[in-house]
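Participant: Since the structure of chain A is already known, use the hints to place chain X on it.
Line by line, the protein sequences give chains A and X. My numbering applies: residue 1 is where the first sequence begins, and numbers increase by one. My numbering applies: residue 1 is where the second sequence begins, and numbers increase by one.
Hints are computed from structural coordinates only; laboratory data are not their basis. Mixed in with the good hints there might be a few duds.
Dumping the calculated DSS-like pairs for lysine-lysine here, alpha-carbon to alpha-carbon at most 27 Å [to be verified]:
{"no.": "1", "chain 1": "X", "residue 1": "Lys-319", "chain 2": "X", "residue 2": "Lys-190"}
{"no.": "2", "chain 1": "X", "residue 1": "Lys-173", "chain 2": "X", "residue 2": "Lys-319"}
{"no.": "3", "chain 1": "X", "residue 1": "Lys-319", "chain 2": "A", "residue 2": "Lys-175"}
{"no.": "4", "chain 1": "X", "residue 1": "Lys-190", "chain 2": "X", "residue 2": "Lys-173"}
{"no.": "5", "chain 1": "X", "residue 1": "Lys-146", "chain 2": "A", "residue 2": "Lys-155"}
{"no.": "6", "chain 1": "X", "residue 1": "Lys-190", "chain 2": "A", "residue 2": "Lys-175"}
{"no.": "7", "chain 1": "X", "residue 1": "Lys-220", "chain 2": "X", "residue 2": "Lys-146"}
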Amino acid sequence: MASASSSAPARRGNPLAGKGWPVGFTVAAIVVFILFQWVLPNMSGPLPDFFDRWLPLSVVNQCIIWAIMAIGLNIVVGYAGLLDLGYVAFWAIGGYTAGWFMSGFFTQVSVNVFGHAAAGQPAGFHINFWLVLVIAAAHCALWGVLIGAPTLRLKSDYLALVTLGFGEIIPEIFKNGDDLDFPWAHHFNLSNGTRGITPVDAIPTGPFQYLSSDSLPIPAELGPFDETIKFVVYSLIVAFVIFVSLRIREGRLGRAWLAIREDELAASMMGVPLMRTKLAAYAVGAAIGGLGGVCYTTAVGGVAAEDFAFSSSIILLAMVVLGGMGNVWGVLVGALVLQWINGNGLKEIGNTITSVTGHDINFPSYNFLVFGAILILMMLFRREGLLPESRTRQVLQEPERGQLESVGADLEGERV
Amino acid sequence: MSQTAVEGVGSRSFRALRDNVERGMGLLLVGGAVLYLVIQAIRIPGRFFDAFVDGVNKGSLYALIALGYTMVYGIIELINFSHGDLFMLSSVLAAFLAITTFGATTGTFLAVLGLIGTLLIVMVAAAGLNVAAERLAYRRLRRAPKLAPLITAVGLSFVYQWGGLRSNGSGQKVWSSIFGDAGFVVGGVKIEWKTITVIAVTIPLLLLMMWVVQRTRQGKAMRATAQDQDAARLMGIDVDRTIAFTFGMGGALAGAAGLLWVESIGNTRWDAGFRLGLYAFTAAVLGGIGRLDGAVLGGFLIGIVSSVNDSGVLPFGQKWSQTVVFTILILLMVFKPEGILGKPTTEKV
Numbered sequence: 001m002a003s004a005s006s007s008a009p010a011r012r013g014n015p016l017a018g019k020g021w022p023v024g025f026t027v028a029a030i031v032v033f034i035l036f037q038w039v040l041p042n043m044s045g046p047l048p049d050f051f052d053r054w055l056p057l058s059v060v061n062q063c064i065i066w067a068i069m070a071i072g073l074n075i076v077v078g079y080a081g082l083l084d085l086g087y088v089a090f091w092a093i094g095g096y097t098a099g100w101f102m103s104g105f106f107t108q109v110s111v112n113v114f115g116h117a118a119a120g121q122p123a124g125f126h127i128n129f130w131l132v133l134v135i136a137a138a139h140c141a142l143w144g145v146l147i148g149a150p151t152l153r154l155k156s157d158y159l160a161l162v163t164l165g166f167g168e169i170i171p172e173i174f175k176n177g178d179d180l181d182f183p184w185a186h187h188f189n190l191s192n193g194t195r196g197i198t199p200v201d202a203i204p205t206g207p208f209q210y211l212s213s214d215s216l217p218i219p220a221e222l223g224p225f226d227e228t229i230k231f232v233v234y235s236l237i238v239a240f241v242i243f244v245s246l247r248i249r250e251g252r253l254g255r256a257w258l259a260i261r262e263d264e265l266a267a268s269m270m271g272v273p274l275m276r277t278k279l280a281a282y283a284v285g286a287a288i289g290g291l292g293g294v295c296y297t298t299a300v301g302g303v304a305a306e307d308f309a310f311s312s313s314i315i316l317l318a319m320v321v322l323g324g325m326g327n328v329w330g331v332l333v334g335a336l337v338l339q340w341i342n343g344n345g346l347k348e349i350g351n352t353i354t355s356v357t358g359h360d361i362n363f364p365s366y367n368f369l370v371f372g373a374i375l376i377l378m379m380l381f382r383r384e385g386l387l388p389e390s391r392t393r394q395v396l397q398e399p400e401r402g403q404l405e406s407v408g409a410d411l412e413g414e415r416v
Numbered sequence: 001m002s003q004t005a006v007e008g009v010g011s012r013s014f015r016a017l018r019d020n021v022e023r024g025m026g027l028l029l030v031g032g033a034v035l036y037l038v039i040q041a042i043r044i045p046g047r048f049f050d051a052f053v054d055g056v057n058k059g060s061l062y063a064l065i066a067l068g069y070t071m072v073y074g075i076i077e078l079i080n081f082s083h084g085d086l087f088m089l090s091s092v093l094a095a096f097l098a099i100t101t102f103g104a105t106t107g108t109f110l111a112v113l114g115l116i117g118t119l120l121i122v123m124v125a126a127a128g129l130n131v132a133a134e135r136l137a138y139r140r141l142r143r144a145p146k147l148a149p150l151i152t153a154v155g156l157s158f159v160y161q162w163g164g165l166r167s168n169g170s171g172q173k174v175w176s177s178i179f180g181d182a183g184f185v186v187g188g189v190k191i192e193w194k195t196i197t198v199i200a201v202t203i204p205l206l207l208l209m210m211w212v213v214q215r216t217r218q219g220k221a222m223r224a225t226a227q228d229q230d231a232a233r234l235m236g237i238d239v240d241r242t243i244a245f246t247f248g249m250g251g252a253l254a255g256a257a258g259l260l261w262v263e264s265i266g267n268t269r270w271d272a273g274f275r276l277g278l279y280a281f282t283a284a285v286l287g288g289i290g291r292l293d294g295a296v297l298g299g300f301l302i303g304i305v306s307s308v309n310d311s312g313v314l315p316f317g318q319k320w321s322q323t324v325v326f327t328i329l330i331l332l333m334v335f336k337p338e339g340i341l342g343k344p345t346t347e348k349v
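The following block holds chain A by itself, in its conformation from the complex (with noise of 0.2 Å):
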């Protein structure tokens, strides 16, 4: 095992870790921004077609969505090697919390912190969506440590069932939560059970809408149509998401998540806080999927109960393994091929299938079964990831069983 006190640069071997990530992040948002603000709609032929088929920019908008949660669960699985089964309530707390603050959800209050109600909803809380960004990733490291400073100091299985539960218990709340009896509240209706909270406020543009013009018009709050805007800022969160994972994984904090992840013994003989820092990743995780639940809630422009299924902290877990634990852009390519399969990808082939072949396919019931086969074909045969860190790679491939006899290995107690 390499030991924590290593200071090797993570950018070895992972050349896109480097300065250089920013400007090719934005050259390829632009490339896809102009593409569907302007290329797409001016054209005529097979093409706009085609898109709108394969890859509609919601889709696109849905892929980055998943993208922040990925990203978010890869500091926890990834870095810090805690495997979170029920990572989902993090993205629900998000989502609620949104819910919350940027609707006309509480009539018994009216507060406006620069919010944009929508017509008709005066009462409620409106506060501005940038604000609320803050407010749920706050909300959402509070739960992580709440969650996490009883729990974490068990075994990685036993700490894999308890996230699970809490992951069934959270949604359970909400889906339940229109009519809680609390001694100073009866019949408190914090959720809205089944119906969920919507809608929700839109997002505002603030200064923006000022450089509206006749070829990009910028409206003042986006509406369920302005796709391209929403993806600009649905891909600054990502940037700001893949920002932060990169740079505290290079620094102190994110080399004793790497200490922890590959000897929890070894780490804390150098001095490593075990519970602080696991702490720490359980909190930013849990942040960033509240970041990731906002903007779910803002796409969707709602949120239910009934999101929040056990499948989701399955399908993320897949993307992070399917990209490359611990690799931000291999986690960040797994998210959005995956959500483009589960989204659209699986529905497009089957159809074209069914128009080629002439067999009746229903493809998306295939979801289930490409969402497990990558998760065990993964770890039977490329356990460190399409995109793997250097590092990775060595500790998840143990050498060979007549490899280790030869040197005379002690096989048991072999634990990483």
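Facilitator: Below, chain X without anything else, positioned relative to chain A:
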């Protein structure tokens, strides 16, 4: 406990104090829950004992599933996540065989024969599937980091769920039992024949399992492998075969639970395995994971708690049942991870 190594001797008394406080809080919680149940039992005895009988019925099914978890965990320290979904697949297969193939809907002699045939087929099929999963996936990952087999098990559970979705549809299917709702009444509490049947099948299976593990040569090999795989190999035990046998036994029990579920609860759902599997895992942890008697005890306890909660004796009601069981799981993990019957070990935490 890697922290003790750093903190040294000075904080040992503090640790002991903290451990005692935690243990006391755990006992206090359990004591409070038991006291509450007793008060409710005296207050509304009719509903409570109805729920109790239902809980014994479900509890024996949980015990059968929990045994599969606990045996696999005991031998290779893997939480076999897909076990609940294996149970779900068996229940779908059992419903198909019993109702569609053998037509066992009324209590005739032929129907009973059909059910026995179904029981055997389902047990063999589930055992075979579990052994295949071990052979194809888990065996290759036995020396890999802990995360790898766990994620594989989650993936397998997704594949099984897909199988259930394809064969059972996205909704719930309701099946008729050969026993119907008939039963007899003891002191105002109705006991249905299907509950008796479930117990009559479960108890012999559990005794058989105990006998295999404690009295036979194969059981001795299992216990040896659980203690030390390398030493067991040196003693001439075929470790791979022993582990496969353990998976097979666990699978067979899940298969039996599948048929009993169809006959007593009477429905199949593609997503039933996830929740049931977690209930059963909670049961295994409650009794002390790795212990066979612990899994049985835990199964009955969890069954009774969830049924009592379903019946509305507790103030939460059915919609909170899952939360109640998972809260038990979390509290156990935090305060008493070794369970009721298990011995505390430092490695567990």
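Participant: Each hint needs a verdict: does it hold in this structure or not?
Facilitator: The hints, checked one at a time:
no., hint, verdict
1, X/Lys-319 with X/Lys-190, "holds, 24 Å"
2, X/Lys-173 with X/Lys-319, "holds, 21 Å"
3, X/Lys-319 with A/Lys-175, "holds, 9 Å"
4, X/Lys-190 with X/Lys-173, "holds, 26 Å"
5, X/Lys-146 with A/Lys-155, "holds, 10 Å"
6, X/Lys-190 with A/Lys-175, "violated, 34 Å"
7, X/Lys-220 with X/Lys-146, "holds, 26 Å"
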